[in-house]
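Engineer: Residue numbers (numbering that gives the first Met the number 0), protein chains in the order written: chain A, 0 to 285; chain B, 0 to 285; chain C, 0 to 285; chain D, 0 to 285.
The hints are simulated quantities; they were obtained by calculation from the structure and are not laboratory data.
Take the hints with a grain of salt, since some may be wrong.
In silico DSBU-like pairs for lysine-lysine, Cα to Cα no more than 35 Å straight-line [as the list claims (entries may be wrong)]:
{"#": "1", "chain 1": "D", "residue 1": "K204", "chain 2": "A", "residue 2": "K253"}
{"#": "2", "chain 1": "B", "residue 1": "K244", "chain 2": "C", "residue 2": "K273"}
{"#": "3", "chain 1": "C", "residue 1": "K133", "chain 2": "B", "residue 2": "K88"}
{"#": "4", "chain 1": "D", "residue 1": "K278", "chain 2": "C", "residue 2": "K204"}
{"#": "5", "chain 1": "C", "residue 1": "K204", "chain 2": "C", "residue 2": "K278"}
{"#": "6", "chain 1": "D", "residue 1": "K68", "chain 2": "C", "residue 2": "K244"}
{"#": "7", "chain 1": "D", "residue 1": "K278", "chain 2": "C", "residue 2": "K244"}
{"#": "8", "chain 1": "C", "residue 1": "K79", "chain 2": "D", "residue 2": "K97"}
{"#": "9", "chain 1": "A", "residue 1": "K253", "chain 2": "D", "residue 2": "K97"}
{"#": "10", "chain 1": "B", "residue 1": "K278", "chain 2": "B", "residue 2": "K161"}
{"#": "11", "chain 1": "D", "residue 1": "K244", "chain 2": "C", "residue 2": "K253"}
There are 4 protein chains.
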Amino acid sequence: MKNEASAILLISCPDQQGIVCTVTDFLMRHNGNIIDLEQHTDTEEAAFFMRVEWELNEFALPRDQISEKFSLIAARFDMKVDLHFSDYKPRMAIFVSKFPHCLLDLLARQSSGDLNCEIPLIISNHPDLETIAKMHGIAFHCLPVSKENKAEQEASQLELLKQNNIDVIVMARYMQILSDDFCRSFPNRIINIHHSFLPAFVGAKPYHSAHQRGVKIVGATSHYATGDLDEGPIIEQEVMRVSHKDSVESLIRKGRDLEKMVLARAIWAHLQNKVLVYKNRTVIFS
Amino acid sequence: MKNEASAILLISCPDQQGIVCTVTDFLMRHNGNIIDLEQHTDTEEAAFFMRVEWELNEFALPRDQISEKFSLIAARFDMKVDLHFSDYKPRMAIFVSKFPHCLLDLLARQSSGDLNCEIPLIISNHPDLETIAKMHGIAFHCLPVSKENKAEQEASQLELLKQNNIDVIVMARYMQILSDDFCRSFPNRIINIHHSFLPAFVGAKPYHSAHQRGVKIVGATSHYATGDLDEGPIIEQEVMRVSHKDSVESLIRKGRDLEKMVLARAIWAHLQNKVLVYKNRTVIFS
Amino acid sequence: MKNEASAILLISCPDQQGIVCTVTDFLMRHNGNIIDLEQHTDTEEAAFFMRVEWELNEFALPRDQISEKFSLIAARFDMKVDLHFSDYKPRMAIFVSKFPHCLLDLLARQSSGDLNCEIPLIISNHPDLETIAKMHGIAFHCLPVSKENKAEQEASQLELLKQNNIDVIVMARYMQILSDDFCRSFPNRIINIHHSFLPAFVGAKPYHSAHQRGVKIVGATSHYATGDLDEGPIIEQEVMRVSHKDSVESLIRKGRDLEKMVLARAIWAHLQNKVLVYKNRTVIFS
Amino acid sequence: MKNEASAILLISCPDQQGIVCTVTDFLMRHNGNIIDLEQHTDTEEAAFFMRVEWELNEFALPRDQISEKFSLIAARFDMKVDLHFSDYKPRMAIFVSKFPHCLLDLLARQSSGDLNCEIPLIISNHPDLETIAKMHGIAFHCLPVSKENKAEQEASQLELLKQNNIDVIVMARYMQILSDDFCRSFPNRIINIHHSFLPAFVGAKPYHSAHQRGVKIVGATSHYATGDLDEGPIIEQEVMRVSHKDSVESLIRKGRDLEKMVLARAIWAHLQNKVLVYKNRTVIFS
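The shape of chain A in the complex, shown without the other chains (with noise of 0.2 Å):
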């Protein structure tokens, strides 16, 4: 689709007038040329978003110098402002427990070119997925997690983390809840997976939960983990119909695709720098 490398801004800042003609300008006076522009206001907010990619080669600014170009109109419009490129492949590591589905799912994308990242790092707390890792020539380390060696096995990953340069962790079925402080050390770039609708059946056994009360829609939800559990912003939610012949088995069965889909379009929105978070919520470029 696009061949050449872009760049892309993502900024968020109080609404006022005259942004987006600023921010065109200075694009056009560099020589850039806007391939997607997109913006939206939370008029509720008087906040203002804005992705804007253009096309690098014919851009006048080197790409080491675009930030300190940009800042006296960031600094004009209070913005908070996110530097990409379109080439840079960021690098995913993966947290798994002990079910396949998610990874599988995600490492036949990458395969089949749907994904635009590297995957050089495999977490779990179970030794259970370490062939998959293996035949897909991808590290695997089992660090697993009692109350009493959390904090110390957190820390491990987060060296294991460091060590490989990672941008984004995905939970792919992580079975573990991450601490606070983990968390803050990666914001707004944990992408979860929860198997419900949420703010329905928030916490364990989802499935169970809907079965119970005998809803004739079942969800999933990816969102960013934050320190409360099921809490953190939503990024992407898809639904199927179920009904009263599906057993909580049939939901489990079932419910897989829908979080496999659901992850793989919010790593997708994440992966291509189309999500800004902001109270909480996000806006998703589309």
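Given chain A, work out where chains B, C and D should sit, using these hints.
Structural biologist: Frame of chain A; chains B, C and D shown alone:
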């Protein structure tokens, strides 16, 4: 579709061998041509549910003898049995407050022949929708409800329902909570619409809560009203995708379509005698 | 949501550098506070599309000078430009035949304030729905169409439309094909609803064809009517799952809900000036 | 869910009185505990369809006598009968070309226990996916097909299928058309995935056509392959919303998820013996 009258048996009982065989044998022996038969076994609860519909025109038993003749079978299998006839038009009362969309939708459906029922009565706690009732030639009773007069007004409502031989009550965005006693007077015959995907966002202002939480999908739920607010057996749910671009107002606007559709589907299933309630859940025959 | 009047520019032009910058600069210079801005670049066609909405209350230009003042920019970028004002209520004519459901739905939506338009005129080729028109106080004209009198009746229709200053025509299950000439009199202003998921099941009796083919999903499509039957630019589509249990009658019954919803959404997008037509396709701003 | 073996009867016959009664009586007399029973009457075609599943552990007839003992009933009602056992693992061959996503998805599902089948054989007209086959320890045969050698290569394919006792063939984006003769060798046992919402966009490059037509929803269809390209009985379909923002490339990318899910669901229904074919349509038991 079906021009001739048919009879419908709704059966719930403990799961046992020989139920389908015995029931179908009973119908065959009296020359009943089965149009539709659907059964469901809840293996976890060891419970059996069945809906069977057969043509009456060649059926050897007169309508008023069916229940009696079937009572031996019912006793043998410890069945709870409901008998309905397709040519009976149930009488529906609609409870409303100020929002007209669900009421208008139901009246439009009745006009176009989509609802197999009579609507002799509209009850409201506000006078706003009287014009609509009059336009459609339906009796409208305004019974404003306060903490002080609730018991009294519910007594008046029950009297009106009785006078009008009401079979089923629809709460078409009626913004009052019915008392436990009132609900028990019409068990599994009061259909409510709640403007969220239950059990998410129970109670007041669910669209505000959905917006606050930043969900990517909103829903509506139709359920039988019970003494526990928003906790009754769910009949139907539907959802739609939303995004960060949707303000609370836009959720409310879009949600109206969900509410109308979900309520209409739930009423349709109820009027077709396709709903069985069991342990606060529903079996919805298709 | 928006209490004050706003202005909307819909722009199409060849893709070039500097469009967003120039347009937003124009608005800023005249003190226009942008409420919403959305742009789309079709890279394949090298075409650019934009919708920008800004508040009028502090805007420095009077309404009747905006087009003229903007004309220099329009000329420079070879733009096709449409200017709309949010407080103008478009005048809609509804064409119907015998099926009332879409008409009733639109009238109910107008009653509940969901449609920002006037509906002064209903035209039909059958007398059946006159009662509904009268009930809502809308002029009803019955113009039966045959092969012989088609040109003549279309002339009468056009005369009625002119007399009533009609901006947009909605074919609410109008079972006649409008002539090419007629369509050209209201380019991209005649909204039709077709009861299939186009391009599947073009033409008559799509539910019968869907049943015959054994599809598992049926749909409805709203599009601008053109001289090519069912080939006009698609505005909105929606689908629902069906199964082998659905007879043709049941598809027709369920499909009515799709038709109503899809038509209403298409009309809403049109009335909000969110639709741009390009090469027989639509850009639908969100 | 079901730990013990069960037997399944799939029955099609002209609609008559007494079928359900007779079949359930047969099972009861031999002490068969019915787990699931579903019937469908196509009143228009006067055709009757039934799936009944019962536990084998207390069933009085040995497996190899069931068909014979049932043959009197089958003859009396002019039934077409298929008998299956839940503990038999069907043997599946997968046909592929160059796209890996459906193959990878099926292999991942098998790894995680979601597919109740053996996969001893992958056949392709290209060598590209051999690595994947090897990685999973599955025999891979590359049989390039041209106009000239098609008959010969199909003979080789049939020979391989025979040697491997293949029960069902899955065309996982196999980009060749199977001959009429070949299809007839595996009637209703070749499952294809077509990347459009059939009957829309038959044939090659459906995403290109969908983009060209400007549809707002795209789909995928799984059907049994017959000699008529894309005209076989539809097993499952699914759709997703798209917009003007989706390029052909983006439709292709998003569509892969639809293709994988639809194909997997169709295979699952087939392997669970839940599909009956009738007049080029399917009855899918739930």
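Engineer: Each hint should be assessed against the structure and marked as holding or not.
Structural biologist: Taking the hints in turn, this is what the structure says about them:
The suggested pairing of D/K204 with A/K253 holds, with an alpha-carbon distance near 30 Å, which does not exceed 35 Å. A C-alpha spacing of about 14 Å is found between B/K244 and C/K273, which places the hinted pair at or below 35 Å, so the restraint holds. The hinted pair formed by C/K133 and B/K88 meets the criterion: a straight-line CA distance of about 28 Å does not exceed 35 Å. As the CA atoms of D/K278 and C/K204 are separated by approximately 20 Å, the hinted pair is consistent with the 35 Å bound.
A threshold of 35 Å between alpha carbons decides the hint, and for C/K204 with C/K278 the separation of about 28 Å falls inside it, so the pair holds. Between D/K68 and C/K244, the direct Cα distance comes to roughly 31 Å. Compliance with the 35 Å bound is thereby established for this hinted pair. Using a Cα cut-off of 35 Å, the hinted pair D/K278 and C/K244 holds, with the two alpha carbons roughly 15 Å apart. A distance of roughly 44 Å separates the Cα atoms of C/K79 and D/K97; the hinted pair therefore is violated under the 35 Å criterion.
A hinted pair counts as satisfied when its Cα atoms are at most 35 Å apart, and A/K253 with D/K97 qualifies at roughly 28 Å. Between B/K278 and B/K161, the direct Cα distance comes to roughly 28 Å. Compliance with the 35 Å bound is thereby established for this hinted pair. Note on D/K244 and C/K253: the hinted pairing holds, with a Cα-Cα distance of about 30 Å set against a maximum of 35 Å.
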